[in-house]
Structure formats: C-alpha cells, structure tokens
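**Q** Just so you know, the protein sequences line up as chains Z and Y, in that order. If you want our numbering, it's the position in the first sequence, counting the first as 1, plus 19. If you want our numbering, it's the position in the second sequence, counting the first as 1, plus 188.
It should be emphasised that the hints constitute simulated quantities derived from the structure, not laboratory data. Heads up, a few of these hints could be off.
What the hints assert, rightly or not - Between beta-carbon pairs, the in silico distance windows are: (1) D241/Y - G103/Z: 49 to 57 Å; (2) I276/Y - N231/Z: 42 to 50 Å; (3) A232/Z - R450/Y: 54 to 62 Å; (4) S148/Z - I276/Y: 35 to 43 Å; (5) R357/Y - D164/Z: 27 to 35 Å; (6) V260/Y - G103/Z: 22 to 30 Å.
Backbone N, C-alpha and C fix where the C-beta goes; we use that ideal spot for every residue, glycine too.
Below, each chain spelled out in residue letters.
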Amino acid sequence: MSVLALNDADLIRVDGVSVRAGGTLLIDQVDLAIRRGEILTVVGPNGGGKTTLVKAILGLLPLAAGQVIRRADLRVGYVPQRFGPDPVLPLTVGRFLALTAMADRERCTNVLARVGVKARTDHQLATLSGGELRRVLLARALLRDPDLLVLDEPVAGVDVAGQPELYDIIAALAHERNLGVLMVSHDMHLVMAASTRVLCLNRHVCCAGLPNAVTRHPEYIALFGSAWTEGLAVYSHHHDHRHDADGNVVSENHPKDERAAAPFSDHRHG
Amino acid sequence: MDDFLLRALAGGAGAALVAGPLGCFVVWRRLAYFGETMAHAGLLGIALSFALDTDVGLGVVAAALVAGAVIVVLERLPGFASDTLLGILANTALALGVIVVSLFETTRIDVASFLFGDVFAVSVRDLYWVGGGGALCLGILVAQWRSMLVMTIDSDMAAVEGVAVSRLRPLLVFLIAVLIAIAMKIVGLLMIVSLLIIPAAAARRLATSPEAMAIAAALLGVVAVASGMGGAIAWDLPGGPAIVVAAGAIFAGAALLGPLVRDLMQRCGGA
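Build the full structure now, drawing on both the sequences and the hints.
**A** The structure is reproduced here in structure tokens:
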C-alpha cells in the first residue's frame, strides 16, 4: 500500500526517515524525493549524516522511523564512499565490470571511455589510482542500466582538474539516460553547478531546494560561511570569523558565527 | 599400493580440493583466525559426539558452528580488536576441549590424532565425509561463486545489487565448519587453517583472476598432500605435519618464483 503513495514522477521517496546508532540519532526525520533526470546533491558537514542517509535509502541500515518508498523494479547503481578491495584478490578491471551484468567487452570499453578511464580492462583493480578507481566504479554502476544512480563522494581521490570534468559527465549522463541521481558531496562550488537540487543535511534537513536558493539560506550560510555562497570563480574568503585548531569556526560577536560555532546544536526554525 | 595409502591419498586430495577454493575466501575476507578458532572448538565437538555416541564429524561441525556464532556475538563487544577476541575464544575452546576429553576413559579418545591429524589411518567412514561433505561444499561454492565474489569485493555494493549478503555470511561459516570435519583427520584440528590459507596464498602469486586462484589453490593443495605423504613415508615422519611443511615449502617457492611462473604461463597461453 505504500507503493500507492509514490508520486508518478518519483523514483524514490524518503518519508520522515530517522536512523539511530546506539542512543545517538544519526539522521532525524529526513524527507526527500528523486525524479528522473534530476540530480539531487546532499551536502553537509562531516558527521552530518550524509553517508548514513545514503545507506538508509539503499536499505543497508535499519530505520528507526519513517519509510523509504521505491518504485517497483527500481534498478540502482551505487558507488560507495569507501572502496578498496584487498590486493590479495586478483581482479582485473574487465572482470570487475563483468561481474555486475552480462556486459560484453565492447560495452565495458565504451562505458569506461565515457567516464574517462584510460586504463585498459586487463589492468588489476589494485593498481589503479584513486581517481581511476572512482571512474571505474561509476562505469560499473552505469553498466547495470540503472534508473537511479547513488554516488557517495563520486570525485573523492580524483585530481583537481578531473573533478569538474567528472561532475560534467555525471550531469550529462543524467540528462542523456534520463536517470535520477542522488549524490553526496562535501565540496560546494562544483556540486552546485552540477546539481538540479541541493539538500543540506546536518542530522536534519537544514534546507533544500534549487542550488542558488540553498546557498542563500541562513542555515546553509551558518554551516559553511558566506565564502561558499560566492562561487568558484570569485573565491574570496572573507575573514569574518576565526578557526580554532580543529578548524571549527570560533565565535566572535557575530550572530551568524554563533550558530556556526555549534554546528550540532538544535536549529530553531523561525 | 596398500589400501591404507590409497585411502590416505584419496582423503587428503579430496580435502585439499575443497580447501583450495574455500581457502581463497578465507584469505580474501581475512578469516584465517576466524577459521582457526572454529577448528580449535572442534575438539569440544569430538568430546560431545563421544558423550552422545554420535558421528564425530557431526559433533565437530556443530561445535565449529557454535564457535562461529559466539564469535559473531563477541565481535559486537566494543573496545576489543577481533584478533584479541578470537585468541581468547580459540584458546579457551581448545583448553575446554582437552579438559572434557580427559574426563573420558583415555583409551576411548586419541586426542593427538584429532589435534595433529592421522592421515594414514583414514577410514572408509572418513572417506564418506570427504566425498559427501566435499561435494556439498564444492557444489555450494560453484553455485554461489559470483554472489560470494561480489560480496567479498564490497558487501554494501553486493547488497544493493540484490545479493543476499545476510544469508551468504552464515553460509561461508557453514562451509568452513564442514571443511573442518573433512580435514581434521588429514592435518589435525590445530593445523586445518594451513590447508585453507597456505595453498590459497601460494596460488595468489600465480593467478590474475579469482577463478584461476581458486583452481591453482586446489591443485597446489593436492600437490602438498601428495608430496607431504611421500616425505612422511620416505623418512618416517608424522603425516599431518609433513603435509603442512610441504605446503609451506610450496608457498615459499611460489613467493619467490611467482612472477616468473606467471610470465611463463602468459607466454605459453599467448603462443
């Protein structure tokens, strides 16, 4: 009966989902929905529950509350945040790709080329660089012909020059194949350009909406500071706050920074 | 060849053929200490089967499974590394096993033959275990190969792709338990892990695919059994330890010459 509740256009919908570990609430009553052709990016501070949310959506973690409603026969391609099979397992790129689907060599090569991997399919997985491995993982997710791509930090370990390129590829793929994409990232500017919608998560959903709207939202600014709102081209860091040894923002007499200094305090919604 | 030699060779080779591919998963998933703990608990199972007058193999499988379950529960204890917990359990189980066995009349149970193996005393009944249990294990491994491989590469990714990860983990524990029952007569409960990990580790030096590693591990295991038994007969050595030493020598050879052999095989394959 929960399937009936899914809107026609939605691939997946998350209703009031909370996840607990021990006594700690990792994410609290998160709502979201993803449609075809749309890239929803989850941003937020470390420990804000981004990966927890992804795992809850994928059914890898038990829910303390709420529900995740998937379209029937939803096919998901998943790129985990941490991936590094033990080198004691001999595995070529080609074999790794072939394990996911009955993909022939030509299709594997095509998809690898699409995501920009120059490594040959007979290279051992363990010898790839971090960036190559992320691209191979994306290729593998694509070979499943997914309706929904779930990418946890898809550009982690990719060199700086390659990052915008990879986001462009993801955006182009979402458009070409009419995929829904749920992406997790902690780097702001590049993600903003690639996303159709952004959700800022700090245990609860701080704010969600179009990238431009989210970056102007007070809670977002409180979490990331005003520098992030001005875009990559004019990255000028206004020193209106100081950082302590841990990189936390130290509050001065600025109302904005008081909130930033305690990113895990309960937010009051006005 | 004498009957007892044929039985020993058949039992040893059969155990090695199963231990090779299963051992690959033990090596890939870092279950060496896990398997060792299960094997050490097997002695308790032997005592139990004598007490209940049931088949020794069944007792060993049951005890190993219980040990596996206890490990899974213990690993939820926060603050201890798993090798600490496994060390505690392996030694406690072994000590308990020796104590319980000592409560029986000493003539009934030959502890040494179970701990160190007694390959030249492999009976027809033992061969039933090797044949039946071995076929079961290999059948399950072949049928579940792709799923278990994907789970080994990344269990979250496997779960998202529809692999029943929560069923495969206990299945792997079950396979190890059956192998312990199969192989205890060959190399003994204390050295069973060597039959799992040494041929698999040696095979890693020769293989570039998971399947090649599994097949190479099975074959190298058979070579270790045969050469170990040969050495034991020639120099009148204890069988189980001779097999383990032979396996160790094969690993040393593969570690030193692995890349060379791999090149050679590739050249021959290409020609």
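**Q** Each hint: holds or not?
**A** These are the hints, each one checked on the structure:
1. Hint check: D241/Y to G103/Z, Cβ distance near 50 Å, so the stated range 49 to 57 Å holds.
2. Checked against the given bound of 42 to 50 Å, the beta carbons of I276/Y and N231/Z, roughly 58 Å apart, lie outside it.
3. Separated by about 57 Å at the C-beta atoms, A232/Z and R450/Y satisfy the suggested range of 54 to 62 Å.
4. For the hinted restraint 35 to 43 Å between S148/Z and I276/Y, the CB-CB distance of approximately 40 Å keeps it satisfied.
5. A hinted range of 27 to 35 Å holds for the C-beta pair R357/Y and D164/Z, which are about 28 Å apart.
6. Between V260/Y and G103/Z the C-beta distance comes to about 24 Å, which sits within the given range of 22 to 30 Å.
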